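**Q** For reference, the chains in residue letters:
Protein chains: 2
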Amino acid sequence: MEFSSKLLENAVYEMSQLPGIGKRTALRLVLHLLKQPEDRTTKLARALDAVRKDIKFCSQCHNISDAEICEICASPKRDRSLICVVEDIRDVMAIENTSQYKGLYHVLGGKISPMEGIGPHDLNIASLIKKARQGETKEFIFALSSTMEGDTTNFYIFKQLDGLDVNISTIARGIAVNDELEYADEVTLGRSILNRVPFERSLKAN
Amino acid sequence: MEFSSKLLENAVYEMSQLPGIGKRTALRLVLHLLKQPEDRTTKLARALDAVRKDIKFCSQCHNISDAEICEICASPKRDRSLICVVEDIRDVMAIENTSQYKGLYHVLGGKISPMEGIGPHDLNIASLIKKARQGETKEFIFALSSTMEGDTTNFYIFKQLDGLDVNISTIARGIAVNDELEYADEVTLGRSILNRVPFERSLKAN
Numbered sequence: 001m002e003f004s005s006k007l008l009e010n011a012v013y014e015m016s017q018l019p020g021i022g023k024r025t026a027l028r029l030v031l032h033l034l035k036q037p038e039d040r041t042t043k044l045a046r047a048l049d050a051v052r053k054d055i056k057f058c059s060q061c062h063n064i065s066d067a068e069i070c071e072i073c074a075s076p077k078r079d080r081s082l083i084c085v086v087e088d089i090r091d092v093m094a095i096e097n098t099s100q101y102k103g104l105y106h107v108l109g110g111k112i113s114p115m116e117g118i119g120p121h122d123l124n125i126a127s128l129i130k131k132a133r134q135g136e137t138k139e140f141i142f143a144l145s146s147t148m149e150g151d152t153t154n155f156y157i158f159k160q161l162d163g164l165d166v167n168i169s170t171i172a173r174g175i176a177v178n179d180e181l182e183y184a185d186e187v188t189l190g191r192s193i194l195n196r197v198p199f200e201r202s203l204k205a206n
Numbered sequence: 001m002e003f004s005s006k007l008l009e010n011a012v013y014e015m016s017q018l019p020g021i022g023k024r025t026a027l028r029l030v031l032h033l034l035k036q037p038e039d040r041t042t043k044l045a046r047a048l049d050a051v052r053k054d055i056k057f058c059s060q061c062h063n064i065s066d067a068e069i070c071e072i073c074a075s076p077k078r079d080r081s082l083i084c085v086v087e088d089i090r091d092v093m094a095i096e097n098t099s100q101y102k103g104l105y106h107v108l109g110g111k112i113s114p115m116e117g118i119g120p121h122d123l124n125i126a127s128l129i130k131k132a133r134q135g136e137t138k139e140f141i142f143a144l145s146s147t148m149e150g151d152t153t154n155f156y157i158f159k160q161l162d163g164l165d166v167n168i169s170t171i172a173r174g175i176a177v178n179d180e181l182e183y184a185d186e187v188t189l190g191r192s193i194l195n196r197v198p199f200e201r202s203l204k205a206n
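Those sequence lines, one after another, are chains C and B. To convert, note that position 136 of the first sequence is 136 in full-length UniProt numbering; the numbers rise steadily by one, no gaps. To convert, note that position 141 of the second sequence is 141 in full-length UniProt numbering; the numbers rise steadily by one, no gaps.
These aren't lab readings, by the way, just hints derived from the structure by calculation. Take the hints with a grain of salt, since some may be wrong.
Repeated chains share a single entry, so a pair holds when one copy, or any two copies, can fit it.
[Claimed, not checked] List of simulated lysine to any residue pairs, SDA-like, C-alpha gap at most 25 Å:
no., residue 1, residue 2
1, K77, E136
2, K53, R40
3, K35, D88
4, K102, F3
5, K138, G103
6, K6, D49
7, K35, P114
8, K43, R28
9, K35, I55
10, K102, E71
11, K102, M1
12, K35, G110
13, K6, R90
14, K138, N97
15, K23, G110
These numbers were taken from a predicted model, which means no experiment stands behind them.
Chain C on its own, in the form it takes in the complex (with noise of 0.2 Å):
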């Protein structure tokens, strides 16, 4: 692409760096912005400098938070015996939509993976670890993808607690909620039969 203005080749070039947005796409949001009134671009360019240069992690959970120690570490209403570890923050807000989870989390930050150069000491293993020896954790509900990144992430933690006097879950695979059985794919209806669960259980949970 040729552009006639360096700024605006500049600008479009910063906008393709973010993933799932090519030149065009970029071409068309920077041209978007400055159609818009000026403060639109000031906002953007302001909120994400902030958000970049402030942002604090929970030193507990290392869930992003504006406080030191997030709100769901902070809230004396959670149960501090149960930790779900997920990879990233936006498993936390899916979570949290449930309202089924009243325990606290760990965020670790990502999965382990060889291919994309991603070791145990680059994720929040450490502190996980810790703890667990601290003993006031009854609960560890590992809530990774299944994937295969995944699975190694939960077999290397669970390597890591090995010997310590504390429970580890994981999140039930099965057919969705209103799926058909019909479409679902193999592994996913075999794991649902096998890890099947009391009937009395099930009407609970409605």
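Dock chain B against chain C, hints included.
**A** Okay, now just chain B, sitting in the frame of chain C:
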């Protein structure tokens, strides 16, 4: 969506104001920036700020430019008797990419669209008429999109140029090169036949 941080919420909100970017995508983009080195975000914010504040429009053709007069208008190699009328800067870039056009441009900045509240006075039409009156231009080539708004705009300008000694043409509409006739829509195919060109001329174009 419930955010654990006001800074994050604000950045996601500002990002989701861009066209085609929803809250989920915005969150994904902001979290991506948080994982990147800080200067990635700083550069993006600065580039957006700079393009919005310091962008200039060429005083002759209204194309985006870093200087008072854009490179195309300033070039002595360009045919000053020919002006191609386009909607926005993306059209200039598209035509420049063909390397088939050596005249100047005139960027309207949009199309007449009563639905969106855009009238002739919101577009760079007055300066176009002024150029036509100065008499240096021999031909205007209309290259607006062939929608109702584009046709309306073409017709409005055509009426305004009435009585002036200047040729007016529009770019050819027809079946795209390499397209199969059987899949073409009737209107385009019909125009293709009505506006057929002498065979020798089509040889020269290749």
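**Q** Okay, which hints does this one fail, numbers in order?
**A** Hint check: nothing fails, all pass.
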